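Generate coordinates for the entire structure from the input sequences, incorporating the hints supplied.
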Amino acid sequence: MSAGMNRSQGLSSLKRKQPDSKSPIESLTEHERILYNLIRSKQDMAIWTRDMKRETNIPDNVLNKSLKSLQAKKLIKEVVTIQNKGRKHYIATEFEPSKEITGGAWYVEGSLDTEFINFLKKHCVKIIYEQKIVTLEEILDTIRRSRAFNVEFTTQQIEEIVNALVLDNEILEVKSTGMGEFNSIPIGKVCYRCASKAGLKAEPKIGAMASIPCGVCPQISLCTPDGIISPTTCVYYTKWLDF
Amino acid sequence: MATPYGIKLAVHLITNHFGNLVAKVCENLLRRGPLTLQQVIRYTELTPQQVKNSLLILIQHNCIQAFSFESQGGFGDGPKANTQYLALFGNILHRMRFPKFLEIVSRELDQECKELLEGLLQNGRLTLVQMVERAKSKRKDGCREDVVQEGLTKLLAAHFVERCPAPEPLVPEPVKVETTSKKRGAKSAKINEESETIEQRVLAAAGPMEAQRFSMITNTEFDVNGETSTDDSPSLIVGEKRKRDSLELDRESTAEEGEVVLWRANFEEFLRRLRHMACIENVRASLDDGAVKVLKAKLDATRGLEKKVKTEKSVPLSLDNIFEEVIKSEEGRVMTLDDVRASLVQLGCPASARGTADSYSIDLKKIIESAQNDEVESIVLKRYGRDAYRIFRLLSKNGRLVETDKISDTTFVEKKDAPKILYKMWKDEYLHMEKLVLAPNRNILLWKVNKRPLWEHVLDEMFHAALNLSLRAAYEWDKEKEVINPLEAMTKEERQKQKNIRILLDSSLLKLDDAIMLFHNF
Numbered sequence: 001m002s003a004g005m006n007r008s009q010g011l012s013s014l015k016r017k018q019p020d021s022k023s024p025i026e027s028l029t030e031h032e033r034i035l036y037n038l039i040r041s042k043q044d045m046a047i048w049t050r051d052m053k054r055e056t057n058i059p060d061n062v063l064n065k066s067l068k069s070l071q072a073k074k075l076i077k078e079v080v081t082i083q084n085k086g087r088k089h090y091i092a093t094e095f096e097p098s099k100e101i102t103g104g105a106w107y108v109e110g111s112l113d114t115e116f117i118n119f120l121k122k123h124c125v126k127i128i129y130e131q132k133i134v135t136l137e138e139i140l141d142t143i144r145r146s147r148a149f150n151v152e153f154t155t156q157q158i159e160e161i162v163n164a165l166v167l168d169n170e171i172l173e174v175k176s177t178g179m180g181e182f183n184s185i186p187i188g189k190v191c192y193r194c195a196s197k198a199g200l201k202a203e204p205k206i207g208a209m210a211s212i213p214c215g216v217c218p219q220i221s222l223c224t225p226d227g228i229i230s231p232t233t234c235v236y237y238t239k240w241l242d243f
Numbered sequence: 001m002a003t004p005y006g007i008k009l010a011v012h013l014i015t016n017h018f019g020n021l022v023a024k025v026c027e028n029l030l031r032r033g034p035l036t037l038q039q040v041i042r043y044t045e046l047t048p049q050q051v052k053n054s055l056l057i058l059i060q061h062n063c064i065q066a067f068s069f070e071s072q073g074g075f076g077d078g079p080k081a082n083t084q085y086l087a088l089f090g091n092i093l094h095r096m097r098f099p100k101f102l103e104i105v106s107r108e109l110d111q112e113c114k115e116l117l118e119g120l121l122q123n124g125r126l127t128l129v130q131m132v133e134r135a136k137s138k139r140k141d142g143c144r145e146d147v148v149q150e151g152l153t154k155l156l157a158a159h160f161v162e163r164c165p166a167p168e169p170l171v172p173e174p175v176k177v178e179t180t181s182k183k184r185g186a187k188s189a190k191i192n193e194e195s196e197t198i199e200q201r202v203l204a205a206a207g208p209m210e211a212q213r214f215s216m217i218t219n220t221e222f223d224v225n226g227e228t229s230t231d232d233s234p235s236l237i238v239g240e241k242r243k244r245d246s247l248e249l250d251r252e253s254t255a256e257e258g259e260v261v262l263w264r265a266n267f268e269e270f271l272r273r274l275r276h277m278a279c280i281e282n283v284r285a286s287l288d289d290g291a292v293k294v295l296k297a298k299l300d301a302t303r304g305l306e307k308k309v310k311t312e313k314s315v316p317l318s319l320d321n322i323f324e325e326v327i328k329s330e331e332g333r334v335m336t337l338d339d340v341r342a343s344l345v346q347l348g349c350p351a352s353a354r355g356t357a358d359s360y361s362i363d364l365k366k367i368i369e370s371a372q373n374d375e376v377e378s379i380v381l382k383r384y385g386r387d388a389y390r391i392f393r394l395l396s397k398n399g400r401l402v403e404t405d406k407i408s409d410t411t412f413v414e415k416k417d418a419p420k421i422l423y424k425m426w427k428d429e430y431l432h433m434e435k436l437v438l439a440p441n442r443n444i445l446l447w448k449v450n451k452r453p454l455w456e457h458v459l460d461e462m463f464h465a466a467l468n469l470s471l472r473a474a475y476e477w478d479k480e481k482e483v484i485n486p487l488e489a490m491t492k493e494e495r496q497k498q499k500n501i502r503i504l505l506d507s508s509l510l511k512l513d514d515a516i517m518l519f520h521n522f
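So the protein sequences, as listed, match chains A and B. Start counting the first sequence at 1; every next residue gets the next number (this note's numbering). Start counting the second sequence at 1; every next residue gets the next number (this note's numbering).
In short, the hints are calculated from the structure, not lab data. Owing to the predicted nature of the structure, the values given are computational and were not obtained by experimental measurement. Misleading hints may appear alongside valid ones.
Subject to a maximum C-alpha distance of 27 Å in a straight line, what follows is the list of computed BS3-like cross-link-like pairs (lysine-lysine) [unchecked claim]: (1) B:Lys365 x B:Lys313; (2) A:Lys122 x B:Lys415; (3) A:Lys205 x B:Lys366; (4) B:Lys365 x B:Lys114; (5) A:Lys85 x A:Lys73; (6) B:Lys481 x A:Lys239; (7) A:Lys121 x B:Lys415; (8) A:Lys122 x A:Lys99.
Here it is, written out as structure tokens:
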């Protein structure tokens, strides 16, 4: 569960202090210095190797050699960006990659930490189904008290999770009316409740169109009454009607 | 909204019921809009007699309406009529809903009424005398005329049956805007077009007056007049009729009325009932029983006051009156005034009203829209998966353009996967996309759910699917008939399986038709 968070913390522990004694900066070649200054100037945004080449006009082989040397001297490090995992980005070791690069709390090594997110989602759904109607603060409070996670969540993080659950149609966002089931919540306050009235988790209702082959058919635009794909020769139909 | 596959489905229905010739005439009218007899003959390349007969059948079954434009500018000539025929797309589709209409009547009225309606649906339009004859021939023990009349009265009171519209109303030519202000002209013409289609204008001109529409009492003199004087302007007759009605209100002429007045099923009322049922079912899925009871009671009480099928908000009713309606039913009797008030809040009525005299109105349009969303979202989920479902719901709720990055962040979809999912839905016309160029080599994509064109696209796919279900059912039926010969008789299991297949196809079609109505009629 908290594996994801630990991993990202592990990443930050990789950051090492520069040795104070002999500063390696002094022993840099001309090309290395140009590159280092460029990478440092980008701060926490990091820079793609192709952009370095474009901005400095250093030939490929020299560039690669210089980057290796800078890395060996622990002046720069490679970072994975969530946008383009294949593109090599570098950042000066004194900086931590920005949220735009790492994707923020929900990412580990440039990938969405789906296992962790799904665990947290399930936990939130459980809270909402147990308490019937809750506000965001109440969810956060319950999570904190439960000690199920060894990381602290911000209100914004929980809000992101809850919003995704609303989009999943697992829970509903409602405004308190101050009456009946809402009587402990101020009028107008946004709160969350179970999507199905019985309190049982239900899959979204399958509509009339989605329950027949044509509703999900990828070839429907090619299907005509007398064409190669037609309702009388359709394989999806044959499969559907074979019970 | 007669979409391409909607027209194909309509032609398929007409072919099934009346054969190829009639279908050919009908298809031309559906595709080309209103035509004169000569034009239909030219386009279909059928003989005049064939076309005439086809048109008569279609009129008899309420699938087309004849009309003529009032030609202006002629001095002294009087209005020159040139009859045109307009296909009624909606009415043609209603033909697949007849079982639903019959079920409503058999639930709300009695067997007698159901049989009368059945006769009207099978024959399109009938006079009272014809209805009596039909009833007599159906029953060996003989059927008394007053029983039929009583049944018709009940059907009229419930608005299930109405008087047929005028055979050929005069419709004023569409107002042409002066060409001097071209820009404004184009705009206002567009508004005109949106507010009233030719079909709406023709039907408005043809329909009987509200007071006459559901009334058994008739004016014989007028009907004779209507039959014989075709040169007369019907609009004039309407005016006269009103005067005569008021003059002869107390003079009942029951002797010959059945012979001249034609009756037909009132599709509008059936659609209203089906729409209300759809609203109730949708509320049942999300809210508690109290809200369902209150909505049902409220709709039952105000149904007769609704002016059109697509009523956006239910007719206002005071809390006292709603409560009175709710406790009429056995299951409603357990509710208190506070329960009813709380249910109204659940149904979206403002909670502030504390008095019992304040009137409440429920937003039916919102309920229908939510049902439409559910239907489309369920297609997206099945076709594109869970991530796409979340993305679609985000864009559908948002209603604005959202950039790819923001979408993947909010929906927790991997950055590299989001564009693929979005592109797939865009290719199938489920999403609208816009490219924003920030710099020569940097642009971002923005996405949005464009509901109006999408709803039309989904409706067209539904028409397509309905046509497919119907074609497949016919194919299975043929297969069964081929096999049922003495040589290779089916085993008992095979026969049962074939029967189950047809039940599945038929019930799927009825269910799909509910969804079609949701997008087309509600």
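Results for each hint:
With a C-alpha separation of about 7 Å, the suggested pair Lys365 (chain B) and Lys313 (chain B) falls inside the 27 Å cut-off, and the hint holds. With a CA separation close to 22 Å, the supplied pair Lys122 (chain A) and Lys415 (chain B) stays within the 27 Å bound. Of the pairs offered as hints, the one joining Lys205 (chain A) and Lys366 (chain B) holds, with about 18 Å between alpha carbons and a cut-off of 27 Å not exceeded. Between Lys365 (chain B) and Lys114 (chain B), the direct Cα distance comes to roughly 31 Å. Violation of the 27 Å bound is thereby established for this hinted pair.
Among the hinted pairs, Lys85 (chain A) with Lys73 (chain A) is consistent with the structure: their alpha-carbon atoms are about 24 Å apart, no more than 27 Å. As the CA atoms of Lys481 (chain B) and Lys239 (chain A) are separated by approximately 22 Å, the hinted pair is consistent with the 27 Å bound. A C-alpha spacing of about 19 Å is found between Lys121 (chain A) and Lys415 (chain B), which places the hinted pair at or below 27 Å, so the restraint holds. Between the alpha carbons of Lys122 (chain A) and Lys99 (chain A) the distance comes to roughly 25 Å, so the proposed pair stays at or under 27 Å and holds.
Violated hint for the displayed structure: number 4, the only one.
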